[in-house]
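Colleague: Could you build the full structure based on these sequences and the hints that come with them?
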Amino acid sequence: MPLRIYNTLTGKKEDFLPLREKQVGMYACGVTVYDLCHIGHARSAIVFDVIYRYLRYRGYDVTFVRNFTDIDDKIIKRANEEGVDYRAIAEKYIEEFNIDMGGLGLEKPSFEPKATDHISGMIDLISTLIEKGSAYPKDGDVFFSVGRFKDYGKLSGRNLEEMQAGARVEIDEKKEDPLDFALWKSSKPGEPFWKSPWGEGRPGWHIECSVMSQKYLGETFDIHGGGKDLIFPHHENEIAQSEAATGKPFARYWIHNGFVNINKEKMSKSLGNFLTIKEILKQWHPEVPRLFFLSHHYRSPVDYSEESLLEAKTGLDRFYSTLKAIKDEIEIIPSPLTGEGKGGGIHVLEEAQKTIHSFQTRFEEAMDDDFNTAQALGYLYDLQRNLNSLLDISKGHPTEAILTLLKQGLDHIRKIGGVFGLFTGEPSEYLVRQKKEGLKKFNLSEEEILQSIERRSQARKDKDWKKADEIRNDLFSKGIILEDTPSGTLWKIK
RNA sequence: GGCGGCAUAGCCAAGUGGUAAGGCGACGGUCUGCAAAACCGUUAUUCACCGGUUCAAAUCCGGUUGCCGCCUCCA
Numbered sequence: 033m034p035l036r037i038y039n040t041l042t043g044k045k046e047d048f049l050p051l052r053e054k055q056v057g058m059y060a061c062g063v064t065v066y067d068l069c070h071i072g073h074a075r076s077a078i079v080f081d082v083i084y085r086y087l088r089y090r091g092y093d094v095t096f097v098r099n100f101t102d103i104d105d106k107i108i109k110r111a112n113e114e115g116v117d118y119r120a121i122a123e124k125y126i127e128e129f130n131i132d133m134g135g136l137g138l139e140k141p142s143f144e145p146k147a148t149d150h151i152s153g154m155i156d157l158i159s160t161l162i163e164k165g166s167a168y169p170k171d172g173d174v175f176f177s178v179g180r181f182k183d184y185g186k187l188s189g190r191n192l193e194e195m196q197a198g199a200r201v202e203i204d205e206k207k208e209d210p211l212d213f214a215l216w217k218s219s220k221p222g223e224p225f226w227k228s229p230w231g232e233g234r235p236g237w238h239i240e241c242s243v244m245s246q247k248y249l250g251e252t253f254d255i256h257g258g259g260k261d262l263i264f265p266h267h268e269n270e271i272a273q274s275e276a277a278t279g280k281p282f283a284r285y286w287i288h289n290g291f292v293n294i295n296k297e298k299m300s301k302s303l304g305n306f307l308t309i310k311e312i313l314k315q316w317h318p319e320v321p322r323l324f325f326l327s328h329h330y331r332s333p334v335d336y337s338e339e340s341l342l343e344a345k346t347g348l349d350r351f352y353s354t355l356k357a358i359k360d361e362i363e364i365i366p367s368p369l370t371g372e373g374k375g376g377g378i379h380v381l382e383e384a385q386k387t388i389h390s391f392q393t394r395f396e397e398a399m400d401d402d403f404n405t406a407q408a409l410g411y412l413y414d415l416q417r418n419l420n421s422l423l424d425i426s427k428g429h430p431t432e433a434i435l436t437l438l439k440q441g442l443d444h445i446r447k448i449g450g451v452f453g454l455f456t457g458e459p460s461e462y463l464v465r466q467k468k469e470g471l472k473k474f475n476l477s478e479e480e481i482l483q484s485i486e487r488r489s490q491a492r493k494d495k496d497w498k499k500a501d502e503i504r505n506d507l508f509s510k511g512i513i514l515e516d517t518p519s520g521t522l523w524k525i526k
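The first sequence begins at 33 in the working numbering and counts up by one.
These aren't lab readings, by the way, just hints derived from the structure by calculation. Among the hints, erroneous ones may be present.
The list that follows gives simulated cross-link-like pairs (lysine-lysine, DSSO-like), each with its CA atoms no further than 27 Å apart [to be verified]: (1) Lys473 / Lys314; (2) Lys206 / Lys109; (3) Lys314 / Lys524; (4) Lys164 / Lys280; (5) Lys298 / Lys310; (6) Lys467 / Lys427; (7) Lys140 / Lys447; (8) Lys526 / Lys314; (9) Lys227 / Lys247; (10) Lys170 / Lys182; (11) Lys182 / Lys280; (12) Lys524 / Lys498; (13) Lys217 / Lys109; (14) Lys524 / Lys495; (15) Lys124 / Lys220; (16) Lys473 / Lys526; (17) Lys356 / Lys472; (18) Lys310 / Lys526; (19) Lys45 / Lys260; (20) Lys359 / Lys427; (21) Lys146 / Lys124; (22) Lys124 / Lys310; (23) Lys345 / Lys314; (24) Lys356 / Lys524; (25) Lys217 / Lys227; (26) Lys182 / Lys217; (27) Lys109 / Lys207; (28) Lys345 / Lys468; (29) Lys124 / Lys301; (30) Lys427 / Lys439; (31) Lys301 / Lys260; (32) Lys186 / Lys247; (33) Lys186 / Lys206; (34) Lys386 / Lys427.
The model shown is predicted, which means the values in this text are computed figures rather than measured ones.
Modeller: Laid out in structure tokens, this is it:
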């Protein structure tokens with residue numbers, strides 16, 4: 033069964049057949065570096081990170097390009113506000129981007145080109161477009177003539193008449209048609225500029241992606257993606273420029289991720305509900321937002337809320353607990369495998385066997401269906417429940433059969449974790465980290481807790497249940513939950 | 001005004017023709033001194049509403065209502 037991808041260009045799920053067998057060229061629009069990245073950038077980045085990882089899991093050799101827009105009106109504005117050179121702004125926010133995305137556990141793309149490193153390529157492309165009659169210079173600016181590109185609107189599903197009818201486009205005297213867009217903008221005094229055949233200026237926004245994608249991936253390549261908001265005009269314009277210049281199809285599969293709302297409201301600076309990645313990472317383990325996003329289909333809008341993130345955290349905690357329990361069972365148990373388990377485990381064993389053996393197929397089926405990570409996670413929860421059942425019947429007396437299944441299950445979780453960027457930490461370290469952060473939050477010391485546990489253990493030995501329960505309730509009110517296990521009393525954060 | 005999307009349990013969420021995954025929560029049970037954790041069970045005869053097509057519809061078609069996005073910089 034082939035991988036199927038929903039293609040914005042056709043509005044349908046299509047079999048994914050790359051241009052060259054076993055190789056994929058993929059371009060994702062990155063960010064304009066004039067401010068800190070927010071949770072919406074995080075979603076987009078995570079979506080394409082997982083697509084990148086899954087394609088490689090599927091055996092493709094993937095060239096993944098993600099650009100930086102490092103020259104643009106907003107950057108210039110910011111630089112003016114802060115009284116610094118535009119390059120200082122760009123550099124600063126590229127650095128912050130790298131810190132944030134690293135923090136989220138994103139893999140590095142194959143290439144991360146910057147717009148300003150490709151100005152001459154843009155000038156060449158613009159020249160070609162002028163030669164071919166698709167663009168026209170006017171007083172130091174160059175515009176793309178939308179009316180002369182017959183396929184204009186094919187990505188966003190609109191036609192020229194409609195757009196002109198409802199046009200809210202700024203009327204620019206220089207444009208032959210209000211829908212035409214700038215390929216090159218002349219610079220005003222004091223603005224950064226590059227020399228060009230049309231005078232000093234800077235590139236328009238869309239041209240950079242056409243140039244950089246084609247430079248690293250060829251004139252026609254497999255996948256182009258970004259947030260839904262980029263469909264129009266950005267990606268529409270990229271197609272127009274590129275195809276008008278080369279006469280060949282540009283990107284073959286267009287993938288767009290849905291938006292992030294915050295508490296049911298669109299995230300925007302004016303509403304003041306703008307969440308940066310730094311704020312998220314201060315509050316949550318990086319895999320929490322990841323699990324949260326992957327619990328939804330990448331094309332659906334997603335509502336970010338404290339509760340949803342907490343739910344994701346609960347899920348992540350459980351996975352790590354299961355992972356740790358499995359490791360303990362496999363590693364710490366002394367060798368003679370005399371165990372009989374608890375008995376009555378035949379049914380559990382068979383059930384688990386079925387789930388574990390079919391897991392990989394089900395995972396791949398889900399992912400092959402337009403990267404249905406939510407479905408895949410459903411299977412992962414199934415797997416986890418079965419593994420916990422095995423642990424339950426094993427409890428310190430694993431049989432060969434149980435150990436084998438536990439190991440297979442562990443391998444599966446690890447492998448899927450590699451595709452999803454989840455469960456990358458050592459379970460025990462993850463759990464310790466959760467505890468430490470919880471202690472800080474509740475302003476408690478571990479020593480204090482251990483002393484209480486010690487006193488309670490003594491009370492329990494004395495069968496002084498009243499005292500034991502008092503101590504436990506006291507800790508509970510401070511945010512600590514106790515678990516009595518055969519190997520002693522454990523504690524965790526509420 | 002134009003274009004597009006969405007509506008599935010208390011909440012979150014998969015599911016595009018074959019009889020409703022999964023998670024959180026809640027309740028009951030096993031275990032436990034009691035709990036916690038884990039496991040088992042229960043929690044949508046039904047997928048916004050009304051029609052239609054079909055042997056069969058959450059899924060397809062038409063209509064209604066409600067929400068959202070895009071058309072301007074935006075992940």
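Colleague: Could you check the structure against the hints above and give me the numbers of any it violates, in ascending order?
Modeller: No numbers; nothing is violated.
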